[in-house]
Amino acid sequence: QVQLQESGPGLVKPSETLSLSCTVSGGSISSNYWSWIRQPPGKGLEWIGYIYYSGGTNYNPSLKSRVTISLDTSRNQFSLKLSSVTAADTAVYYCARLITGTTARDYWGQGTLVTVSS
Amino acid sequence: DIQMTQSPSSLSASVGDRVTITCRASQGISNYLAWFQQKPGKAPKSLIYAASRLQSGVPSKFSGSGSGTDFTLTISSLQPEDFATYYCQQYNSYPFTFGPGTKVDIK
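Chains as they are written, first to last, in this note's numbering: chain F, 1 to 118; chain V, 1 to 107.
One chain only, chain F, in its complex shape:
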């Protein structure tokens, strides 16, 4: 059973860079698409972007200028960096392997709350 676990600081100052990692266990990261999704408190879900096992990426245009997703196959991890954060970036951040046209099964981390505040 594939499991995902987010890790990283729960508090980030405005204008700084949010950095999170996702460790994948029970399966190899060297296949499939690996995504980040976020959910502001009390609000809906927003897809941030994905990284493919080959290293290719695709980002939500609404965040593209501030987002970097990277892969570390040796550690079976992928990471998110979101720069120049504001209070609007306060959210629960999930890492996930989402359903795609070729993958019917999805897996999600439990989510981690990141608060942007001075």
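Hints in this document: simulated from the structure, not taken from any laboratory. Given the structure is predicted, the values throughout are model-derived calculations rather than measurements. Quick reminder that beta carbons are idealized off the backbone N, C-alpha and C, glycines included. There's no promise every hint is true.
To be verified - Here are the simulated distance ranges between beta carbons: (1) F:15 with V:8: 36 to 42 Å; (2) F:87 with V:107: 21 to 27 Å; (3) F:87 with V:41: 18 to 24 Å.
Unchecked claim - If you want the footprint, here are the derived chain F segments under chain V, 3+ residues with CB under 8 Å: (4) 9 to 20; (5) 35 to 46; (6) 108 to 115.
With chain F held as given, fit chain V onto it using these hints.
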């Protein structure tokens, strides 16, 4: 981007009720649609993929239908564990987008 809308935004229902939630895409997405259930403090859990296929382990009281732009999720007989927020999500094209959610609570 493909915009997803859901109706209603919330509903109150009783145990045993049949519940239907509608999701509409701003352009055709074939059957590349998933439905999720989310309970407070938990990650979303997929119920349906490819518009009508039941995810492994999900009870058959959940069903999905539709293609193109209009989709529905039906819960045939609502149980206490089904009170939650439900989201649709299109995976036809990037960026993936979610509907705003439908909150189902107890009448």
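So, going through the hints one by one against the coordinates:
| no. | hint | in the structure |
| --- | --- | --- |
| 1 | F:15 with V:8: 36 to 42 Å | holds, 40 Å |
| 2 | F:87 with V:107: 21 to 27 Å | violated, 36 Å |
| 3 | F:87 with V:41: 18 to 24 Å | holds, 21 Å |
| 4 | 9 to 20 | violated (count 0) |
| 5 | 35 to 46 | holds (count 4) |
| 6 | 108 to 115 | holds (count 4) |
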